[in-house]
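Engineer: The primary structure of each chain is shown beneath.
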Amino acid sequence: MDIEDIQIYVETPDSPRLDPTKQMPSWILLITFMGTRKLSSNHVQYFKQLLGSESAVIDGVSKDASADLEAFNCDWLRKYRGHTKLVLRPKSTEEVSKIVKYCNDNMLAVVPQGGNTGLVGGSIPVFDEIIVSTARMNSIRSFDEMSGILVADAGCILEVVDQYLAGRSHIFPLDLGAKGSCHLGGNVSTNAGGLRLLRYGSLHGNVLGVEVVVPDGTIVDELSTLRKNNTGYDLKQLFIGAEGTIGIITGVSILCPQRPQAVNVAYLGLESFGKAQLAFREAKRHLSEILSAFELMDGISQELVERVAKKKPPLEGKHPFYCLIETSGSNKEHDDEKLEKYLEFVLSNDIISDGVLAQDETQVQSLWSWREGIPECLNHWGGVYKYDVSIPLPELYQLVDDTRERLSSAGLIGDDESLPVVGVVGYGHMGDSNLHLNVPTRRFDRDVEKELEPFVYEWIQKRNGSISAEHGLGIAKKPFIGYSRSRKMLDMMKDIKKLYDPNGIMNPYKYI
Amino acid sequence: MSTPLRILVPIKRVIDYAVKPRVNKAQTAVETAGVKHSMNPFDELSVEESVRIRERGGVPVDDILAFTAGPAKAAEVLRTAMAMGADRGIHVEVDPEKDGGELEPLGVAKLLKAVVEKEKNNLVILGKQSIDDDAGQTGQMLAGLLGWPQATQASEVKFSAESGEVTVTKEVDGGVETLRAKLPMIITTDLRLNEPRYASLPNIMKAKKKKLEKKTLADYDVDVGRRLKTIKVTDPPPRQGGGKVDDVDGMIAKLKDLGAI
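Protein chains in written order, with the UniProt record's numbering: chain A, 1 to 512; chain B, 1 to 261.
Since the hints were made in silico from the structure, they are not lab data. Note that the coordinates shown come from a computational prediction; the quantities given were computed from them, not determined experimentally. Some clues are possibly wrong.
Claimed, not checked - 30 angstroms max Cα-Cα, derived DSS-like pairs, lysine-lysine:
hint: 1; chain 1: A; residue 1: Lys-338; chain 2: B; residue 2: Lys-36
hint: 2; chain 1: B; residue 1: Lys-73; chain 2: A; residue 2: Lys-332
hint: 3; chain 1: A; residue 1: Lys-63; chain 2: B; residue 2: Lys-244
What the hints assert, rightly or not - Derived, one-sided and incomplete: chain B residues facing chain A with beta-carbon distance under 10 angstroms:
hint: 4; residue: Met-39
hint: 5; residue: Trp-148
hint: 6; residue: Lys-210
Unchecked claim - Label-pair ranges, simulated between beta-carbon atoms:
hint: 7; chain 1: B; residue 1: Val-19; chain 2: A; residue 2: Ser-147; range: 18 to 28 angstroms
hint: 8; chain 1: B; residue 1: Glu-97; chain 2: A; residue 2: Ser-55; range: 51 to 61 angstroms
hint: 9; chain 1: A; residue 1: Ser-92; chain 2: B; residue 2: Ala-253; range: 46 to 56 angstroms
We put the beta carbon where it would ideally sit given N, CA and C, even for glycine.
Chain A extracted, bound-state conformation:
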């Protein structure tokens, strides 16, 4: 969606409030008018002096730098486009503090940006907000092998950190497809979920402390390395998942578990979603403490990966559903024995139709690529409508069937080039009741959007699900938060925003 396509409804403090739960097309963007000012070359001059080096400022105000700015203005799905003229790449928390203070004093809007791998446009400016990138703040500050507590800068890349920890027999409690690009600060700001949440829990539990620059420029140093601290409101939780709306996270302290010695991966073919649920229940029974991932992929998702990546599928025949199971433990023999018993059980009781078991690390990675490669492969045709939802497990896949049915009867799906929709795909973290409903399209089409929204949101609301399980709100889901949160909750959230960011300079126009 380009910014020109968006009808802008400017909400001022005096205007009547719209009720987002009422039917509302998604291209209307609610914008709360904050009165931020336009960027001038004087401002740019200040930042250049502050940050010193040339490479720390990408200046599109006094010269044309659109090529350099492109990567910051556009997300990887090419779905959102911002119009920033200035990117700042501070090297330290102190620099971030000075930037934010100056912006607050001068009413300049700021968008914090990490690896820019978000899926809801949270890291992309809506207009010409200044981007503050964490890319140059990338050192690991400390790691204690005894407690497993890591303290690191916000700009550290997840995979780099995980490699660092691997050398010290530990593992980062979060893993996701974008690990090669995403930053820790972004992960924490968006409360990223990922592939191992089933085993290690969410960042709300694993993050022990944060260092944040709040909108008036103050550095809030809450880099606690304590596991227990019941003294007052646990305010760091506010910043986890706040998507940079009440401050910029500049450092995190996080509890990292011991790296498992033995990892096994099995890839299973199943004939129905009902069987997948049985397989999951049995997995919990047989594998309990070593089960580290239980992922669901439907038949079409795997067919599309095969078509795009041109790889040979792991299983001979086609199956309506596939599951990927990962176990992680400390003793290979024990794990092998448990997994073998489980696989024998599900195979002999006809819960699964077929399956393979990785025999070496290369096969482990290659089986994972059939799950992790889905989002990238779906991008192949053009755009993808993505819904990241949480629904009670028994009805998890029904949403995909119902959506497919709806788009089919509207005559929008097919292999023919003239039809906008390639297919309706469902996959996700079955272990966390988290489904990714994806609709790959050949082009963005209003008719498709009209069929999808608010249908999908209403479907989820009826089942008390969440419209955004792990991707967050950003700009994409902002108008729909009312489907998952009550009016009272929204008011409390707005109060918090007003309290910490009275001028509305932090990542404006998004979130709530």
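For this one, chain A is given, so just place chain B on it according to the hints.
Structural biologist: Just chain B, lined up with the frame of chain A:
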């Protein structure tokens, strides 16, 4: 009608390809304790090719025998080979601690010669090298000991049912080389030959019921005495970090400094 094939596939359990090996403190060997091990990737290609020869038809395959010599845990890779389609396995238990170190290529080749004679194999498909010591000698030595033709680093293997001849293509610098030979023969495999299959669950279950014979070096009565002595094992020198220059003049000055121009 061509002679039915009795294929021998020697395989080895090695440190997993994806694991970064570490040299032990005493600098005598690579650390193996607590490190993930798997089948040597080149041997996976040999197993896969043997199974494909059977599946392709054309020549009848009587037997695919997976063979390994190594510690007790080496039996794991035999199970994998049988899950991929080998008919049976032989495991000669060799404990490097007790038996005076790992077998050397010549020792393995002598052992394989004894196996071939006992099991009446007419085709041996080996990986071109094992990724732990990278010697790349066993196939050639075995061919020499048996006096059989050899085709190394195969990227394609074809059987002619009428003439009983085997055509093997190998990739060489600047092109491909095609060899033709009559059975019995030795083939060593290279990466381009095939893409090994996954071990499917039903086949893993079936493999448990396949015959896995345990043997000892004494059963084959060969001299596997070590002839080589490892003096020292060290890491390769770490890569020197690069530096940045500000402009073209800076680069020229730097190159002059280094004596490159």
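Engineer: Report the numbers of all earlier hints that the structure fails to satisfy, in ascending order.
Structural biologist: 5, 6, 9
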